Every structure is written in structure tokens, then in C-alpha cells.
Amino acid sequence: AQTVTQSQPEMSVQEAETVTLSCTYDTSESDYYLFWYKQPPSRQMILVIRQEAYKQQNATENRFSVNFQKAAKSFSLKISDSQLGDAAMYFCAYRSAGTGKLIFGQGTTLQVKP
Amino acid sequence: GAVVSQHPSWVICKSGTSVKIECRSLDFQATTMFWYRQFPKQSLMLMATSNEGSKATYEQGVEKDKFLINHASLTLSTLTVTSAHPEDSSFYICSARRGRGIDEQYFGPGTRLTVT
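Residue numbers (the numbering used here), protein chains in the order written: chain A, 1 to 114; chain B, 1001 to 1116.
Treat the hints as calculated values from the structure; they're not laboratory data. The model shown is predicted, which means the values in this text are computed figures rather than measured ones. Keep in mind that a hint or two might mislead.
[Unchecked claim] Below, simulated SDA-like cross-link-like pairs (lysine to any residue); rule was C-alpha separation at most 20 Å, straight line:
id : chain 1 : residue 1 : chain 2 : residue 2
1  : B       : Lys1020   : B       : Lys1041
2  : A       : Lys101    : B       : Glu1052
3  : A       : Lys101    : B       : Gln1029
4  : B       : Lys1041   : A       : Gln8
5  : A       : Lys101    : B       : Leu1076
6  : B       : Lys1020   : B       : Pro1008
7  : B       : Lys1041   : B       : Leu1076
8  : A       : Lys101    : B       : Val1062
9  : B       : Lys1041   : A       : Ser42
10 : B       : Lys1041   : A       : Ala87
11 : A       : Lys113    : A       : Leu84
12 : B       : Lys1041   : A       : Glu10
13 : B       : Lys1041   : A       : Tyr32
14 : A       : Lys113    : A       : Pro41
15 : B       : Lys1041   : A       : Arg43
16 : A       : Lys73     : A       : Thr5
17 : A       : Lys78     : A       : Thr99
18 : B       : Lys1041   : A       : Phe64
19 : A       : Lys70     : A       : Tyr32
20 : A       : Lys101    : B       : Ser1054
21 : A       : Lys101    : B       : Ile1012
22 : B       : Lys1041   : A       : Thr99
23 : A       : Lys101    : B       : Gln1042
24 : B       : Lys1041   : A       : Gln56
25 : A       : Lys78     : A       : Ser96
26 : B       : Lys1064   : B       : Gln1029
27 : B       : Lys1066   : B       : Gln1029
28 : B       : Lys1041   : A       : Gln106
29 : A       : Lys101    : B       : Lys1020
30 : A       : Lys101    : B       : Glu1087
31 : B       : Lys1055   : A       : Thr99
32 : A       : Lys101    : B       : Asn1070
33 : A       : Lys55     : A       : Ala87
34 : A       : Lys101    : B       : Gln1060
35 : B       : Lys1041   : A       : Leu47
With the sequences and hints as input, model every part of the structure.
Written as C-alpha cells, this is what we have:
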């Protein structure tokens, strides 16, 4: 079975600084996708960034980028120029290409200090 | 963009009664819908996967007789919590998948269920 682990329950960053959230996963599958989701206090899940496992190039979306290390099964999220609106709970998620089911990590609560 | 709605957003029911939560994909047809449960400050736990016109597939440990899922059309899935008890109080989130591959899942805003 696949598992996703986020070892940082809480993180804090100063506004305009950079922060990296860690995520590791375990799978025996070769075809899968990885995601980072943001859940603000409204609890609406928002897709931040996604990565296909077969792509070596790290995905980037504006201030958000990932460091995908397939051999190490690591998928960290870097947030540059942090903004107050980035404060939320962040979930790393794995999706099997076959079943389509999303498996979430435990989540990391990010606090952004002004 | 793709929009998924849930109704109601918040429901309070008495212990022993049943409550139905609706999940609708408003501007696309969903090949698959998923139901998640989330306790405060915890992760989302997948409860079941439903495909239109077929029986839902439940995750291990989820009581299928307690959490009835019906996927009557390509735009509507319902979750009925039967004979609800206080321990069923939680935040329930649905998501809908439009296609295959990298196509993302679109999440509803969630339903807060409180059983008294």
C-alpha cells in the first residue's frame, strides 16, 4: 500500500522569505502523480502544484516549486516570497495512475509572520 | 474552472437519525467521485470511490451499511449517514474527477456534520 509522510506538523516563515515543506512517500508503482494541496481556514481544498512521476523536470507554478527526487521518493514544496495569504494547512498527496485514489499526508500547518 | 458543490454546508442531526449529503459537479461530467472524512486538524481519509451507475468501492474499515453512497448520475453523488451517532460528527468532503491521467480532482467545499 502507498503511504505519504509529512514530518513537519507546523512550520513558520517570515513574510517575503522562503520556506520548504517536506514530503516523502512510499510506493511500488511506477506510474503515479504527486500533488500539493492548500487548505485555508475555509477548508476548501486548493490545488497548488502537481507533478507527473515520469517527468524529471520539477514543476513550477509562480512562487511555488517542487523538488522531486524520484529515487529517494521525496517531493518537497518550496514557497518563495511568502505572503500572508499563504498561511494554511498544506497536504502532500499521492495518486495512483491506475485507481485515481488520492492518498494524503498528515499535513503541515504553515504560519506566515508579518 | 470546474466547480463542485456540496449541500448542505452544515447540518446538525439527532443521534439515531439519518442525514444525506449531496455532491454535484456543476459544469462537467464526473467519471468518478470520491468521499473523504476529515477530523479537526487532521488529514483527509478516503472513505469510498463511486462511479456512475455502479456500486461504490469502500476503503477498508469503512462501514458500507452506515455510509451509503449513491452515484445516480454523472453529476450527482450522495452520501447518507444512517443511524448517525456522535462519533460520526466530522467534516465530509467530496471530490469529482473529470477524466483520467493527470486531470485533477475538484473538491467540494465540504459539509460539517454534528450529531447530538
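Agreement of Lys101 of chain A and Glu1087 of chain B with the hint, judged by alpha carbon distance not exceeding 20 Å: Violated. Lys101 of chain A to Glu1087 of chain B sits at ~25 Å, over the 20 Å cutoff.
Given pair status - Gln106 of chain A, Lys1041 of chain B, alpha carbons within 20 Å: OK: Lys1041 of chain B and Gln106 of chain A at ~9 Å, within 20 Å.
Distance restraint between Lys101 of chain A and Asn1070 of chain B, which requires alpha-carbon spacing of 20 Å or less: holds (18 Å)
Restraint status (C-alpha distance of Lys1064 of chain B to Gln1029 of chain B at most 20 Å): The hint is violated at about 25 Å.
Given pair status - Leu1076 of chain B, Lys1041 of chain B, alpha carbons within 20 Å: violated (28 Å)
Pair hint Lys1041 of chain B and Ala87 of chain A, alpha-carbon separation not exceeding 20 Å: Holds, at roughly 14 Å.
Agreement of Lys101 of chain A and Val1062 of chain B with the hint, judged by alpha carbon distance not exceeding 20 Å: Measuring from Cα to Cα gives roughly 15 Å; hence the hint holds.
20 Å limit on alpha-carbon distance, applied to hinted pair Lys1041 of chain B and Glu10 of chain A: holds (11 Å)
Restraint status (C-alpha distance of Lys1041 of chain B to Phe64 of chain A at most 20 Å): Not satisfied, since the Cα-Cα distance of roughly 23 Å exceeds 20 Å.
Hint consistency between Lys101 of chain A and Gln1029 of chain B [alpha-carbon to alpha-carbon, up to 20 Å]: holds (18 Å)
Satisfaction of hint between Ser96 of chain A and Lys78 of chain A, Cα-Cα up to 20 Å: violated (23 Å)
Holds or violated: Lys101 of chain A to Gln1060 of chain B, with C-alpha atoms at most 20 Å apart: holds (13 Å)
Hint check: violations occur at hints 1, 7, 13, 17, 18, 21, 22, 24, 25, 26, 27, 29, 30 and 33; the rest are consistent with the structure.
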